[in-house]
Amino acid sequence: MAKWSRRAFITAGVIASGAVVFGVAIRRGNPVDKVVSLAVGDDETLINVWLKIATDNSITVIVPHAEMGQGVHTTLAMMLADELDADWDTVQMLEAPAHEEYANYALKRGYSTGDIEFPAFLVDSVNGYFLNAAKESGTQITGGSTSVRYTGELAMRVAGASTKAVLLQAAADKWNVNRDSLRAEKSYIVHDASGRRARFADFSVEAANLSQPPAPVLKSHDQFTIMGTSVPRIDIPAKIDGSAKYGIDVVLPDMKYAAIKAAPVFGSKVADIDETSVQEMPGIHRIVNLDSAVAIVADGYWQAQQAMEQLDVKWTLSGNESIEQSDIAQQLAGALDAANANDAFEVDLEAGDVKGAFDAASKVVNAEYRVPYLAHATMEPMNCTAWIHEGRCELWLGTQNPLGFTLRIGKAIGMNPADVILHNQYLGGGFGRRSVSDFAEQAARIAVDVPYPVKLIWSREEDIRHDHYRQASISRFSAAVNAAGQPTAWQNQFVNKRVPAEAPHIPYAIDNQLIQFTNSGVHVPWGFWRSVDHSLHTFFTESFIDELAVAAGSDPLEFRRELLVDKPGFMSVLERVAEESEWGTPLPENCGRGIAICRCFGTTVAQVVEVEIDNGTIRVKRVVCVVDASFTIHPDGMRAQMESGIIYGLTAALYGDISIHQGAVMQSNFHDYQILRMSDAPKIETHIINGGGRFGGAGEAGTPAIAPALTNAIFNASGLRIRELPIKHVDFSQQGPEMQGVT
Amino acid sequence: MIELYINGTKYMIDVDPMTPLLWVIREQVGLTGTKFGCGIAQCGACTVHVNGKSVRSCITPVKAAVGNNVTTIEGITSADGEPHPIQKAWLTEQVPQCGYCQSGQMMTAVELLNQISSPTDSDIDTAMSGVICRCGTYGRIRKGIKTAALAMRSNAEVPDDG
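Just so you know, the sequences run in chain order E and L. With the working numbering as the guide, the letters of the first sequence map in order to residues 312 to 1054. With the working numbering as the guide, the letters of the second sequence map in order to residues 9 to 170.
Bear in mind the hints are in silico, worked out from the structure with no lab data behind them. Certain hints may be false.
No farther apart than 30 Å at their CA atoms in a straight line, the calculated lysine-lysine pairs in the DSSO-like style are these [claimed, not checked]:
#	chain 1	residue 1	chain 2	residue 2
1	E	Lys932	L	Lys151
2	E	Lys674	E	Lys808
3	E	Lys497	E	Lys485
4	E	Lys530	E	Lys497
5	L	Lys154	E	Lys994
6	E	Lys1039	E	Lys932
7	E	Lys932	L	Lys71
8	L	Lys96	E	Lys994
9	E	Lys878	E	Lys674
10	L	Lys18	L	Lys61
11	L	Lys61	E	Lys556
12	L	Lys96	E	Lys497
13	L	Lys151	L	Lys61
14	E	Lys994	E	Lys932
15	L	Lys151	E	Lys994
16	L	Lys154	E	Lys556
17	L	Lys61	L	Lys96
18	E	Lys485	E	Lys556
19	L	Lys18	E	Lys556
20	E	Lys625	E	Lys722
21	E	Lys580	E	Lys674
22	E	Lys994	L	Lys71
23	L	Lys71	L	Lys154
24	E	Lys666	E	Lys808
25	E	Lys674	E	Lys556
26	L	Lys18	E	Lys932
27	L	Lys61	L	Lys154
28	L	Lys151	L	Lys96
29	E	Lys530	E	Lys1039
30	L	Lys18	L	Lys96
31	E	Lys625	E	Lys580
32	L	Lys151	E	Lys1039
33	E	Lys556	L	Lys151
34	L	Lys71	L	Lys61
35	E	Lys808	E	Lys497
36	L	Lys151	L	Lys71
37	E	Lys878	E	Lys808
38	E	Lys1039	E	Lys994
39	E	Lys666	E	Lys878
40	L	Lys71	E	Lys556
Everything numeric in this text was worked out from a predicted model, so none of it was measured.
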């Protein structure tokens, strides 16, 4: 059994220079001992909070992010292993326990030091935990494409490089040679002069006692040996034989199952439960009133679900019972009208002299765009298993924010968050939904009432009707155009600004800009949805720029190129997508091409869609995608994320529509919340550019551009400009070409 | 008591005969590779084979499986532990992302390849469009099926040297 005497802890904090600080030492008796007991086995040495080395020389990378299919367990482990010069074949991965020492230091410090690259939208997540001091902040979020950009860059790579430095030092001390005469290679220390070689594990205990350098030299991109390769993903073998454990798969002794029904209308509460309505049904143990929902605990899930369908529940009136989707649309449009009439807009961005440009315009182009509410519809419905025993609450589930959940659950059941133990499982899809703790709080509250573990599973109907939705929104544009067709002013007014703050902003060189918004509250819960506000604003802005190209009589790609000529990061992506998509070459009859470009979460993506409209039916045939994330750590993983983001965005563009009837969500399952299927999936070709600079994200950047690229392609094929999503509501057999919006 | 044969093993289960096969497989038998996705046969995550044919276990009462051979994702590996060509192809093509739908995808693909040894794109569309993937792995599923089909045909052509 390896003894450990002192452990160096990394608190990868960013100091003013951007370097990283190490070294909160911990000892037995220190409160953070808990991390050691959670993470380290008998034959292992914890070098720092992110990795341990076993006596067999295998290396375990401790990753503080959830695996929801984006390959983050592999990618982050690669980043550390490369800087460490580890043998990738002996690297294992352990997901970090939900503990504050594993919270996303880099994120917190990035925020507190005003790192401009920090994704501002995370600030108001988890009820503003980021705004508190580091220890209270409770952030361990997988979302906002932050894993590689922050944890990877500011913790994983630094931990790997720093560990290599102390291993080299320990070897130099032991062999009595100069440290600079040693090098690391595939988990060995090598002394070339003498030919001596020894395993990392032979120095790990000594290395753990050395002070880890605060700012180790990181590799340049051309020195990477593991990063930049497509190693097989760590999580895939378990996902092909049924052995991967998702939250819903957890089995505990004496476990029972719970079904749930939440108040159909947001804001309503339980008024009365008639327990006699299910008293004859078999296997029922308990009915739990959760205020805004009712749960039934039974021997099996199907028994609980059957009983739930029979249970007679009366709900209080919230005042929202008469709200229809058309009312919400009217409210949002009315808010824009009122802000306009009263000069009450908030300014999002202002540049140049917009009024002057409109006064001098030879033409004005106007358009209004609308998008609906969207649900996440992860394949694995929300679920959580909770067990309260021995003064602790243990939970098994898939979450994008383990630490934030422990705080919320502690609050929900009046327990110290330190006594809430969370076992994160594979996530059957996240897309932002699993950053909201509602379902886990419900499971914990049910567990308060019973002495055994209970697994709460939401039906698909509950999942669709009680999501936290991508917002519905309206955006209005006016552009001033000069005699040459060039845009001289860009004016945009939209309703309900969320995050990221830069989502409505355009990359195009238009001197005079006024972007404004007004907020108008709705009763439909809001949540992070893959790419968040980029998912709407990219549709708005990339549609309108296309309309300006048409108004100027220009080719849409050429029009964009002229406005991006001073932005090399955009130009390289644009040029490549033009080439790969064979832009400008003839297409068959009834076919069209459309382009859109977007920069979000540190990554630039351009997509060209080829569409065919045949007898009023749309077929998306081909998508060419070019992505520049500065450097792509795992090329095949990047391609997978682009494919994923495109299909997710296409589903939304074609079908996605959550609508409100009598205050509640109308849709309920996949028959009326339609998902793109194999037969409708286009051929997707992804091309990667490593443009250099700080690493960008992969999980969200593929989604925003696909909707406008598709509607722009539909315009190119048919002359029909789609200004409201989803496309399924458009009747292609009835409508002829139109050129609305050009005045 | 209900007598079930799952992956070649006999189980005696005390359960309401109307209980969907899905929940019996998951809760009574304890095989959790078969997933709950929608409960109304819309998504295919719960697909298992009954006598070699794909069924949606979320809407199939367990009594309908009595006397029949049920195969789940845990049962497609050969008796000597050799993964099914579909499983190997899924690894080669790095198909899964979140992975939750993949048991249903693979069970559906296995049935397709049992029926059509060289499926066309159109065959694949017809067979696979009942199974939803929210991560958008359709392109890789298509490749995986073709890779597995090729391997299965090659295997079939290898003469038995026993």
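Right, here's what the structure says about each hint:
no.	hint	in the structure
1	Lys932(E) - Lys151(L)	holds, 17 Å
2	Lys674(E) - Lys808(E)	holds, 29 Å
3	Lys497(E) - Lys485(E)	holds, 20 Å
4	Lys530(E) - Lys497(E)	holds, 15 Å
5	Lys154(L) - Lys994(E)	holds, 15 Å
6	Lys1039(E) - Lys932(E)	holds, 17 Å
7	Lys932(E) - Lys71(L)	violated, 44 Å
8	Lys96(L) - Lys994(E)	holds, 23 Å
9	Lys878(E) - Lys674(E)	holds, 27 Å
10	Lys18(L) - Lys61(L)	holds, 19 Å
11	Lys61(L) - Lys556(E)	holds, 26 Å
12	Lys96(L) - Lys497(E)	holds, 28 Å
13	Lys151(L) - Lys61(L)	holds, 22 Å
14	Lys994(E) - Lys932(E)	holds, 6 Å
15	Lys151(L) - Lys994(E)	holds, 11 Å
16	Lys154(L) - Lys556(E)	holds, 28 Å
17	Lys61(L) - Lys96(L)	holds, 21 Å
18	Lys485(E) - Lys556(E)	violated, 44 Å
19	Lys18(L) - Lys556(E)	holds, 24 Å
20	Lys625(E) - Lys722(E)	holds, 27 Å
21	Lys580(E) - Lys674(E)	violated, 54 Å
22	Lys994(E) - Lys71(L)	violated, 42 Å
23	Lys71(L) - Lys154(L)	violated, 36 Å
24	Lys666(E) - Lys808(E)	holds, 24 Å
25	Lys674(E) - Lys556(E)	violated, 60 Å
26	Lys18(L) - Lys932(E)	violated, 48 Å
27	Lys61(L) - Lys154(L)	holds, 20 Å
28	Lys151(L) - Lys96(L)	holds, 12 Å
29	Lys530(E) - Lys1039(E)	violated, 49 Å
30	Lys18(L) - Lys96(L)	holds, 28 Å
31	Lys625(E) - Lys580(E)	holds, 9 Å
32	Lys151(L) - Lys1039(E)	holds, 29 Å
33	Lys556(E) - Lys151(L)	holds, 26 Å
34	Lys71(L) - Lys61(L)	holds, 16 Å
35	Lys808(E) - Lys497(E)	violated, 49 Å
36	Lys151(L) - Lys71(L)	violated, 37 Å
37	Lys878(E) - Lys808(E)	holds, 26 Å
38	Lys1039(E) - Lys994(E)	holds, 21 Å
39	Lys666(E) - Lys878(E)	holds, 26 Å
40	Lys71(L) - Lys556(E)	holds, 28 Å
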